[in-house]
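Let chain P serve as the given structure and place chains E and H on it in line with the hints.
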Amino acid sequence: MLKLPIYLDYSATTPVDPRVAEKMIPYLVEKFGNAASRSHAFGWESEAAVEEARDEVARLVNADSKEIVWTSGATESNNLALKGAANFYSGKGKHVITVKTEHKAVLDTCRELERQGFEVTYLDVLENGLVDLDVFKAALRPDTILASVMFVNNEIGVIQPIGEIGEICRAKSVIFHVDAAQATGKVDIDLNALKVDLMSFSAHKTYGPKGIGALYIRRKPRIRLEAQMHGGGHERGFRSGTLATHQIVGMGEAFRLAREEMAVENKRIGALRDRLLKGLSDIDQVFINGDMVHRVPHNLNISFAYIEGESMLMAIKNLAVSSGSACTSASLEPSYVLRALGRDDELAHSSIRFTLGRFNTEEEIDYAIKLLHEKIGKLRELSPLWEMVQDGVDLSTVQWAAH
Amino acid sequence: MAYSVKVLDHYENPRNVGSFGKEEEGVATGMVGAPACGDVMKLQIKVGKDGIIEDAKFKTYGCGSAIASSSLVTEWVKGKSVDQALDIKNTQIAEELALPPVKIHCSILAEDAIKAAVADYKKKRGE
Amino acid sequence: MFAPVYFDHNATTPLQPEVLEAMLPWLTGQSGNASSRHDYGRAARRAIDEARGRVAAAVGAHPTEIVFTSGGSEANNLFIKGAAACMKPGLLAVSAIEHPCVIKPAEQLVRRGWVLQKLSVDNDGRVDSGHFEAVMRQRPKLVSVMLANNETGVLQDVAALAEQARAAGAWFHSDAVQAVGKVAVDFRALNAAGVHAVTLSAHKLGGPKGAAALVLDKRVEIEPQIAGGGQERGLRSGTENVAAIIGFGVACELAVRRMAELAPRLIELRCRLERGLSSAGATVFAASAGRLPNTVYFALPNIDGETLVGQLDRSGYAVASGAACSSANPEPSHVLRAMDVAPELARGAVRISLGAANTAAQVEEFLLTLQGTVARLQRLSAIAV
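Chains as they are written, first to last, in numbering that gives the first Met the number 0: chain P, 0 to 402; chain E, 0 to 126; chain H, 0 to 384.
Because the hints were derived from the structure by calculation, they are not lab data. Computed from a predicted structure; not experimentally measured. Hints may be right or wrong, so weigh each one.
Said to hold, decoys possible - Within a straight-line C-alpha distance of at most 30 Å, the following computed DSS-like cross-link-like pairs (lysine-lysine) qualify:
{"no.": "1", "chain 1": "E", "residue 1": "K77", "chain 2": "E", "residue 2": "K123"}
{"no.": "2", "chain 1": "E", "residue 1": "K5", "chain 2": "P", "residue 2": "K369"}
{"no.": "3", "chain 1": "P", "residue 1": "K65", "chain 2": "P", "residue 2": "K30"}
{"no.": "4", "chain 1": "P", "residue 1": "K2", "chain 2": "E", "residue 2": "K5"}
Extracted from the complex, chain P is given alone in its bound form (with noise of 0.2 Å):
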């Protein structure tokens, strides 16, 4: 019996492995140490766990554990590597690049850094999602000392060229920060070989638990940031506060089994998501948003043509999704990511996002073929635009009343 509404929304955040869950509980219990408590055995017993759990984030991604601070998650990362770095480095320029497709907490960072006197080009993308490394090259002044672009788009699931935009940018010395949010467990990843600076990362995107996070701060060269939470100079004094024992073992135990199940995994997950799309191939008039071959396999973005998003969610309840991503999901607006890629309005509200993840089985998306079919037929046959294609009209020759 299959358990609905099935989850497909693995981008949003993932369920906690079991495994996680299990190691992380003796830290809850038994083991509640504060791990800056230096004058006992709770403490130390409580920072022993936390530098495992930093050696297996860093581990994950071929880094030395020094390189890695704890934060409360990929937001907290991105506005501290944007606006600690900016301020630690304004003397030098105060120009930063950026693109149209980062998620709301690097675009929104840098909105804050424009308020505080800095310029920001926010890149166009191509029409697969991708960034244009000509663009991007011809973006760069000499007054621009940093660059983020994400590894992997939360929306569309296609993976930048991190490789190639970190070599720009070293030759200009310019600090490249990426969001790894969505990256850990999907592409693999080697700092010793990618010229990156900084990278966020976020436990809950990986089966770890909400509420915790790290950056990745590079030491050859050395990165330098102001620091944005000030207090006890907890994490050498790059973030202070209590670190939260239980959350940060369930990162490392994440990340660790990330690392040994990732490739497994990914053609595991890969293999349902083509299934999911082939099923869907038949049905008229859909269009997949993003590059599909630099692409992560656990993503499906999809335009069903004259089906609005929000009735379409409505009407696959029983399928845990997401149209546009899950942040700005209380608005209105049609996904901004979409729009970046050129997609009309129309085409950009009547999107779907599914996410694939550890737990799917093929009996799941089956499930959600057969009842994609159904209630894709059910809205269009209530949809005035639908009827109008059929009748041969051309959609972009009506005058709308736009209201």
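Relative to the frame of chain P, chains E and H by itself:
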């Protein structure tokens, strides 16, 4: 988004979905909204010789509240004269469906659809 | 195998079993992102709202006044820097005994043109009323005075201080992380007196690490310190830590409900401890001030605090020398310095902070162990001399 029971009912079992034949006598159409805004409503009324709305049909591209608002309106206009139909206000629709503030625009759109359909009717009659 | 006795509850507290139980489904099951609109997301949103109600009720606040953060340090940073960002730079006053997560952000503001006044305290660690009045006459824009000090346990009459600060036109913040669950904290009453914001922390009151709150009067405009996503009414972005927030809610409720029973018991244990310490020749800091029921801060003549806590740890007692967060820092405590305690004595400072699971028997055994340890250390130091 938590939908009210009535919105869910209209959404699950929309009343009067469809279109009248183009040539049918007394049929008038109101089409409001725009795809770029995320909702388009097409409301059709079929008006008898006595000026009473005998039947109504709709098609809506939009969220659940937009679909429910238009479905409700097709029920409400039936049996009314075209001028009585114009008395239906968006606040009544919003109240009946218990629409949250972010969905009030759906009821406004439904009211606009009635106005547009009646205007089309009057235009066709040469008023 | 002996279980060490935990006497360091001001650093962090063990999680209450009921709290763990409430958290487990959110750690082990399918927990959604509270921003998602499907069933999993909505269930998370409902649970967070419920927790918000519990936290608010525990301190007499309205649920819409609660801003969840990742910890007390973040909440203190959010208020100090966030409120300052919405004003033209001016005078800022914080007590000299504040936790570093108030003092450090206040010091940061100096770089942005603010003038920082550290409010003096008397020998018992209470804010010096003469100095406070003098500073208020200079019309500060922001004032922060903690409700209870983490090292000494000294309670401040923040309502009275806030009345004066309000007359001066200041926003008044109080770090209450050590107070909730040990003494009554009523935000509505404090707010009426002129307190505009209060910081709470889950792991100091039997909840998990990773959740805390800024209780904020909505008239105070603050600028978010973490941008992107717009959670917590735009004041604190980032995916909500559902499990920890739920644990926080339950822990608050329990802590407040059990306080009436717990506080007298802790006071009795503390008295027992202090009697024993005095007879061993210890100085108890801030002994005549109103203090938290659970905190004893003392020093023994000619005995180094670090050495003593090390010995006690080996004997099975977890105590602290100075605040946990600054334990890495070998300098004598800034709190004792502000109280004008002689540096030789301050170097001997040891803090015992009791909790619900501690017993009279543990205290008596501890005092015996301490006597032996002290005698040995004093012999050693006599030889060294």
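Now the hints, each set against the structure:
no., hint, verdict
1, E:K77 with E:K123, "holds (19 Å)"
2, E:K5 with P:K369, "holds (27 Å)"
3, P:K65 with P:K30, "holds (24 Å)"
4, P:K2 with E:K5, "holds (27 Å)"
In summary, this structure violates none of the numbered hints.
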